[in-house]
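Student: Single-letter residue listing:
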Amino acid sequence: MATDALRERSWIDGHDLMFVADTQVVYHCHHFNLFFDQTIDDALGVEESSRLKSRAAREASRQLLLGLRKRLDLQTPAEVIRAAESAFAAMGHGRLHINVSAEGGEASGEYLHYGYSWKEKYGAVVRRSHPIDAFATGFIAATTEVAFSLDPGAIEAREIECIVSRAASRCRFLVYRTGERVQPAALTESDCANLLGSSFTGLDEERVSAIASGLKEFTAGVAGDDRGLIQAFGVFVTMHLASYYNRISFDAVHEMGKIDASLAANVEELLRESGRQCGFNTFGGILRSAEWESLVGPPRSDPKEIVTSCLGIARALGFGHWTLHEFEPGERIVVRTPATYETSFYRRTYGASSHPRCYILQGAMVAVAHLAHGVVWEESPSFDEALYQRLLHGTDNAWDWSMPTCHTCGDTFSEIVVTRRRS
Amino acid sequence: MQLQLPEITRGVERLRNVIITVMPDCLLYESWSRDGDQTANEEAASYLGDLVRANREALRVMRALSDEMQVTIESGGLLIILREIESSYVVGFVFESDVPLGMVRVQVRTMLARITEALPRFAVSESSRGERVLEFVERYAPDPHTVLLRVAVQARVPLDELRNPANLDGERMQRVERAVCTILGIDSLTL
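Chains F and G are the protein sequences, given in the same order.
Position in the first sequence (first residue = 1) + 1 = our numbering.
Position in the second sequence (first residue = 1) + 1 = our numbering.
Keep in mind that the hints are not guaranteed to be accurate.
What the hints assert, rightly or not - One-sided excerpt, in silico: chain F residues whose CB lies under 7 angstroms from chain G:
1. 44
2. 48
3. 127
4. 166
5. 263
6. 264
7. 270
8. 271
Derived from the structure by calculation, the hints contain no laboratory data.
Just so it is clear, CB atoms sit at the ideal spot from N, CA and C, and this is done for glycine as well.
Sequences are here, hints too, so could you generate the full structure?
Tutor: Quick look at the structure:
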């Protein structure tokens, strides 16, 4: 039931911004998610970061769950809890078992996206003693609030065991009342639409648009497997709540800005690195997949074709209406979009920004330049760490970016210019 | 006397590589490979140095440290013997694994004596602790290209200052070390 509701995605016409139950969602892979969350830990320290992330997750999840409760006409707390567990798994976040009353209780998790994929990616390299599943923590709190019709902020949860620590076999959570009341900052589809300028088209629009439509159709049928994970294109994919990413990234950057402007800029650079990892792993993984081959055909080493393919992918993932404005092979790529999933949230929550803050556009488009000009697609390369380092951090294919306009700054669209670096 | 590894290793069958690491900086001093390909030796030198250092710390804790400490590793068809020379150098001898251990010991002893005699006894100009800490984290952290940024953000030390780690004062150095421990998930650094 909840799985079906998640498939009823709506898109803001001409903007490629995706909503489920009036809540903005995007698709992101574990490489992006892990690096993004880690950046918030780096910026704020583990304790403050965990608090921010779990509260952001609660805020965003509450909006989703209220929407699902309404859409599915859920009447009892048990119905809400079961629907929440199903939705969580269908979105690729793993399996939750929530056992709560209006006063709190406990929950456990298996194959949780963050913990499980962290172990897969980093478990053999570094140790970690602090829990990682802040998103699940906030989701559990929101489930309890919505199930028992409690005020926003009334419930908090804490992860008391996490599989990233070698001793734990599953994740466990404590759920409890706080007595707090917070003002939720939900961004609905109409709120978002009201902040958007008019849409436009770009070069090779027909191709980009067709790719986006085909992929949207494909992803509409994708849901978590028995583990509650979506393993596709060589990555673990999640349907995620845009407000979660936006709240934690912008708050963390602002907090760092209070300490030192250069440190805030460092955090922004790390957020762009998340975007580069997304561009390389997710875009690259999709281009190399059997699904892509049946939808579009095998990728060829034609830079413009790779760029337009990636723009279609970005649209289908809910990143925004990325369009190709100018293209000079090997030299320069100019992409425009009326908005990204980050920009409307920023405008509504913080007002106009002093500088461009489309971190996903900035990071992913640099990765796209590398994919378009540094990969021999006919050789079917493995999208692994070695290729990532060679491609994005080698010396012979460096790209810079600038943004003359940005929706977060109050402009009617965002434009990124990616140019090859000349030494 | 000049160090001539081709001469020293001549006639030692099934010896693949000799890698000499300068300590405490874990930098490659000299190496020899039977097949002439030395591309991996520089990277391996750092890890072999760290390995001996970690081994020394473990033995110290167990009160079993001696001048004759030797690390022996068997893996992937290789037998690797690591020996220290006066805590200034670590020498790694990489053999095929089917060579009898007794034979290996004799050959290592002979080669080590000649290498020890040939190695210069200059006072090694030690890099600063800051430099060593940052080299260490860049060697072991995931996504090494982002490590300096991550340390800057965690330690609240501007990137420009991190690029000159020898100049970090005590308080900043402490914050940097804490950040490095957090990134690597370890309690303390033994450098």
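Student: For the hint on residue 271 of chain F, just tell me whether its beta-carbon gets within less than 7 angstroms of chain G.
Tutor: holds, 6 angstroms
Student: Just to be careful: measuring from the Cβ of residue 264 of chain F to every Cβ in chain G, is the smallest value less than 7 angstroms?
Tutor: Nearest chain G Cβ about 6 angstroms off; hint holds.
Student: Just to be careful: measuring from the Cβ of residue 48 of chain F to every Cβ in chain G, is the smallest value less than 7 angstroms?
Tutor: Since the shortest Cβ distance to chain G is 12 angstroms, the answer is violated.
Student: Let's test the interface hint: is any C-beta of chain G closer than 7 angstroms to that of residue 44 of chain F?
Tutor: holds, 5 angstroms
Student: Taking the closest Cβ pair, is residue 270 of chain F under 7 angstroms from chain G?
Tutor: holds, 6 angstroms
Student: Take the shortest C-beta to C-beta distance between residue 166 of chain F and chain G; is it under 7 angstroms?
Tutor: violated, 10 angstroms
Student: Double-check residue 263 of chain F for me: the hint is only fine if its C-beta lies closer than 7 angstroms to a C-beta in chain G.
Tutor: Because about 5 angstroms separates residue 263 of chain F from the closest Cβ in chain G, which is inside the 7 angstroms limit, the hint holds.
Student: Does the CB of residue 127 of chain F sit less than 7 angstroms away from some CB of chain G?
Tutor: holds, 5 angstroms
Checked against the numbered hints given earlier, this structure breaks hints 2, 4; the rest are met.
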